[in-house]
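Student: The residues making up each chain are set out below.
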Amino acid sequence: MKKLLYASISLVLAVGFCIRTHAQVIVVANPAVSAGSISKAELRDVFTGASTSVHGARVKPALLKEGPAHSEFLTNYVGRSPVTFIMSWRGLVLSGQATMPRTFDTEAALVDYVSRTPGAIGYVSKSAPHDSVKVLTVN
Amino acid sequence: MRRLLTGATLAFALIRPGSAQSIEDLNIQIYGYATQGFLYTNYNNTFYAMTTNGSPAWTEAVVNMTAQPKSGLSIGVQARYQLLGASGNSITLDWAAADFKVNDSFGVRVGKVKTPWGLMNETQDIDPSYIWTLLPQSVYDITTRNADLSHYGGLAYGAIEPGTKAGKFDYYIWGGEQVVPADDGQFDDLNNAGTGPTSPLNFTTIGGALHWRTPLPGLMLGASDGKENAGSVELHGGSQHFAPWNNVSWFGRFDHKKWMAGAEWNRQASASTLSLDGQPSSPENSDARGWFVMASYKWNDKLSLGAYRSDYFEKQAELGPDRYTKDWTASMRYDFNQFIYLKADQHFVKGTALSLDSFRNPSPHPDYLLTAMKIGVSF
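These protein sequence lines map, in sequence, to chains F and V. My numbering puts the first sequence at residues -9 to 129. My numbering puts the second sequence at residues 28 to 406.
Simulated from the structure, these hints should not be mistaken for lab results. Where a beta carbon is used, it is the ideal one built from N, C-alpha and C, also for glycine. Certain hints may be false.
As the list claims (entries may be wrong) - Some chain V residues near chain F, calculated using beta-carbon distances under 10 Å: (1) Tyr58; (2) Ala61; (3) Thr171; (4) Gly245; (5) Leu248; (6) Asp328.
Using the sequences and the hints, build the whole thing.
Tutor: See the structure below:
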């Protein structure tokens, strides 16, 4: 009985760990973007519409519509939940202060857009194919 | 002139010398929302509606379209249907503007643009962007907001970062003309008395605002000042002459994890002379001061809770409940998903200085409860 209990607890912890680390999001950019790294504050500014440049060069944020990488990126780098995030962007868009960043259904589509759009910057899970884009280090 | 300015702005922005662009290149976007509200008061009829019976006469629908013909340039137009009690029930132009952002330090927006005074003026009519069913009425009075929301003209804006440890300063400088339709709700009392304006109220506005994004993450402190000049307004059976007045605000906001706190103090003091046919001219002075403090907490991904205290004083009014409105409010917002939400406020109001027209409130009660609910869909 004890063995069964330990096995169950181990399984739950293992599943929980897998779920927690499933996405492991990375920040990707068009290969022409000169910056090799970006700070968390710069990421937050770009993805909340407060800034449109990194190290003086214009950038275009690209978003995923949903999914674990989307949630993890918003929580860890932007500090907002998906609902709060979209709420604040709607405020900017509907008051004429900004246009909504391009949003993609799949990571492959986002990577494709980033790879062929100068200045584009986005995020995908580490496991998603991303050979055609540049990975930025987040400080 | 205003139509010419708006039309020319959009046409200029759309016409690009050189090659044609694909629809995808233009990045055309369409967004909008619709809300249906319900208002109930135990005493007093507020917002031009018979709210003591419960009133669903509170509807808004907004749609906008934007395009980005080239990097840094965006153009857009937004239309709104609004019904609030007996006012509105028409489609109006919210804004129509071309925005050119040279870089983070400098950008310009021209056309009919939102006026960025105070903490929330640019978004006070964008319901999906906040948790409150009604914003603090001491500063963002829904019955008079059409005079404040936007102006025909321009706006320069940008962010300055003087040093890595000083944070950033967002600046806004604007100028142009504000227009309030003669049948706007705020003239309800005058129109019911037969002495309303004969034509839209036009007044020039210039102003500036500064938002300091302090080194403490999430803390913003700001101030704004706008100078308004209405001149003379022709009324049925008379006229009213206004001296220029200022719209001054001091405000701040702090966001930390699931918490948000905000505060604002606003003053608008104006002096005018009312001249009605067959009567001697009389001074109509006003010194309106409003402030609020608010806080909200995001309980989980769907539920947000909040509360605020909102006080308004008309310093030129006689002592008594007509001189003030004090409002304790508890709020909740529930987001079913990214598109549909429900909001509810419970207001505990003392005083009758705001939102109660004399036509529907011949003897207003000094204390009352207001329940406000809204369901919204945004896309």
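Student: Now look at each hint and say whether the structure bears it out.
Tutor: These are the hints, each one checked on the structure:
{"no.": "1", "hint": "Tyr58", "in the structure": "5 Å, holds"}
{"no.": "2", "hint": "Ala61", "in the structure": "12 Å, violated"}
{"no.": "3", "hint": "Thr171", "in the structure": "19 Å, violated"}
{"no.": "4", "hint": "Gly245", "in the structure": "8 Å, holds"}
{"no.": "5", "hint": "Leu248", "in the structure": "16 Å, violated"}
{"no.": "6", "hint": "Asp328", "in the structure": "5 Å, holds"}
Hints 2, 3, 5 from the earlier list are contradicted by this structure; the remaining hints agree with it.
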